[in-house]
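For the sequence shown, the numbering used here begins at 335 and goes up steadily by one.
Hints may contain errors.
[Unchecked claim] Below are the BS3-like pairs computed for lysine-lysine, each with C-alpha atoms no more than 25 Å apart in a straight line:
1) K393 - K443
2) K828 - K573
3) K668 - K632
4) K607 - K703
[Stated by the list, open to error] Simulated DEER-style distance windows between Cβ atoms:
5) T761 - S541: 52 to 58 Å
6) V799 - D661: 37 to 43 Å
7) N509 - V735: 16 to 22 Å
8) N509 - M481: 17 to 23 Å
9) K668 - Q397: 48 to 54 Å
10) D538 - R414: 21 to 27 Å
11) P832 - P806: 38 to 44 Å
12) G395 - L789: 32 to 38 Å
13) R739 - D578: 45 to 51 Å
14) Q657 - P407: 42 to 48 Å
15) R732 - T514: 41 to 47 Å
16) M481 - Q704: 47 to 53 Å
17) P552 - R490: 35 to 41 Å
18) P806 - R414: 32 to 38 Å
Rather than coming from a laboratory, the hints here were simulated on the basis of the structure. Yeah, the Cβ is synthetic: ideal placement off N, Cα and C, and Gly gets one too.
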Amino acid sequence: MLAILLGKQKDNKNRFLIKKKENLMFIVGIEPRAPGMHIFTGVRLPRLGLPLLFTMAKKMGHQGEIYCEDIAPIDWERVRQADIICISSITSTIPRAYDFIRKIRKELKLTVPILIGGPHVTFLPDEALDHGADYVFRHEADLSFPMWLKWWENGRDPRELFDIPDLSFKVGSENHHNTTNLPRQWVDLDTLPTPDLRLIVGFDKPSVIPLITSRGCPWDCDFCSEYEMFGNEYRFRSKELVIDDLRFYDSIYGETPVFIADDNAAANPTRLKQLCVSIVSNGLVREFSCQVRLDLGKRPRIVAMMSMAGVTRVFVGYESTNQRSLDAAGKKLKFADMRKLTKVFHRYGIAIHAMWVLGFDDDTIETVKQTIRCCIRWGIETTQFLILVPIPGAPLYRRFVDQGRIIVHNWAKYDGLHVTFRPLGMTALQLQVAVMLDAMPRVYNLWQTYKLLVLNNLRTAWGVVTRRTKHPRINMRGNIATFFARLGGRIAIKKIRPQVTKYLESLK
335 MLAILLGKQK
345 DNKNRFLIKK
355 KENLMFIVGI
365 EPRAPGMHIF
375 TGVRLPRLGL
385 PLLFTMAKKM
395 GHQGEIYCED
405 IAPIDWERVR
415 QADIICISSI
425 TSTIPRAYDF
435 IRKIRKELKL
445 TVPILIGGPH
455 VTFLPDEALD
465 HGADYVFRHE
475 ADLSFPMWLK
485 WWENGRDPRE
495 LFDIPDLSFK
505 VGSENHHNTT
515 NLPRQWVDLD
525 TLPTPDLRLI
535 VGFDKPSVIP
545 LITSRGCPWD
555 CDFCSEYEMF
565 GNEYRFRSKE
575 LVIDDLRFYD
585 SIYGETPVFI
595 ADDNAAANPT
605 RLKQLCVSIV
615 SNGLVREFSC
625 QVRLDLGKRP
635 RIVAMMSMAG
645 VTRVFVGYES
655 TNQRSLDAAG
665 KKLKFADMRK
675 LTKVFHRYGI
685 AIHAMWVLGF
695 DDDTIETVKQ
705 TIRCCIRWGI
715 ETTQFLILVP
725 IPGAPLYRRF
735 VDQGRIIVHN
745 WAKYDGLHVT
755 FRPLGMTALQ
765 LQVAVMLDAM
775 PRVYNLWQTY
785 KLLVLNNLRT
795 AWGVVTRRTK
805 HPRINMRGNI
815 ATFFARLGGR
825 IAIKKIRPQV
835 TKYLESLK
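Given these sequences and hints, build the entire structure.
Written out as structure tokens, the structure is:
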């Protein structure tokens, strides 16, 4: 195998033009946009993978810039000047990523190396290599990317390429994947720099800043790939470094709202409480939002501390109102507790963005109707109805493939807006109509939007009276943001409708 690689490198020595070591390398990153409209269309929130890796490259003396298509269009003239091109993609954006690879090779005629990473290619690296990527970075690239850069700078000895963990590349005409029998070495988050978001083109005046304080998840939900992507144990960044991250962003952007993008910001409730105390004591209170599990409502003192630190919204995976579906998904949550736990967040002035997944094997049309009723009755501020997605890397995907239930193979449709498999409790057409043409419009109607604005303002006022609301101005801004988010969601739903209607024809 090594001989093949050595021969390949020799035969193709002009493919990658070697620059002088003293020259800086110019690296361009690309994050493709989603293929169509969705409820978060217009939200300028980049993922942090590329900014983190490019910050590392910057510390190594290289230059770079990142094009997140949801923020700014790609400047292809700048791409022409790149020494290295990096692409980060999820499943629904991977077809566009492959289109970019073709464009770079066929239209721009560039021979520079193309690197790709993200959850989709982590689990389907052969697909990425066969579509023209030169190197696939599986799982976390925080260790492998700097190693690869040093390898690229320092002579490119083919033998050293095999030492880079979780790297995939071609050896002759065969795809090779670096693996080891040893446990995977997960990165210590305290060793990572603060991602420099100034490397993102057009991200000059953000309305919200993403922040990561932990990785990993032990829950192993059936429909999720987080467990496989980042490991089955939580890893945390120290609260001291999180405070430093916030101060760094304050020095650039001022007191801009922050979205804590951890899969579960309350993975360690005691740590979350301590972090909130540090935010308050360091004078860093501002609008925060984060993802948590609903059962955090069993810890009202921590919810109260979150409110004190400025948390105005939580993103919660309710998933289902069907207990059998919750159990099958491995959610470890009781439907009977949901309303009571929802009230705990509302009691402290924290709005909820509820994420529901419809299409589990035990779901029916009645399940969808019940979910709609619960959203309205519980006063949930914003809602996302997602059609179950058999995402690569999730146990669900492997099972559906084995059962022959995948009916759509266009990855662009794996966005939660399109049915891509054969459900059991209803037809694919019924599921598509129930979620996108019934549930979403009913929840985002104007009457519900105005009613929630009044209700939330009353909650804020009552919170001031009872002294549960510590930052009424922040809460009022959050209430207004909810109102406009619902109006934006309503507009997005109307724009999505034509593409959904067209898709229905393929399901009949």
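Going through the hints against the structure:
1. K393 - K443: Answer violated: K393 to K443 is near 30 Å, above 25 Å.
2. K828 - K573: violated, 42 Å
3. K668 - K632: holds, 12 Å
4. K607 - K703: violated, 37 Å
5. T761 - S541: 52 to 58 Å: violated, 40 Å
6. V799 - D661: 37 to 43 Å: holds, 41 Å
7. N509 - V735: 16 to 22 Å: At 20 Å between Cβs, range holds.
8. N509 - M481: 17 to 23 Å: Once the Cβ atoms are compared, 20 Å apart, the range 17 to 23 Å for M481 and N509 holds.
9. K668 - Q397: 48 to 54 Å: Distance hint for K668, Q397 holds at roughly 53 Å.
10. D538 - R414: 21 to 27 Å: At roughly 24 Å between Cβ atoms, R414 and D538 fall inside 21 to 27 Å, so the hint holds.
11. P832 - P806: 38 to 44 Å: holds, 41 Å
12. G395 - L789: 32 to 38 Å: Once the Cβ atoms are compared, 55 Å apart, the range 32 to 38 Å for L789 and G395 is violated.
13. R739 - D578: 45 to 51 Å: holds, 48 Å
14. Q657 - P407: 42 to 48 Å: holds, 46 Å
15. R732 - T514: 41 to 47 Å: With a Cβ separation near 22 Å, R732 and T514 fall outside 41 to 47 Å, so the hint is violated.
16. M481 - Q704: 47 to 53 Å: holds, 51 Å
17. P552 - R490: 35 to 41 Å: Because 39 Å falls inside the window, the suggested range holds.
18. P806 - R414: 32 to 38 Å: Because 52 Å falls outside the window, the suggested range is violated.
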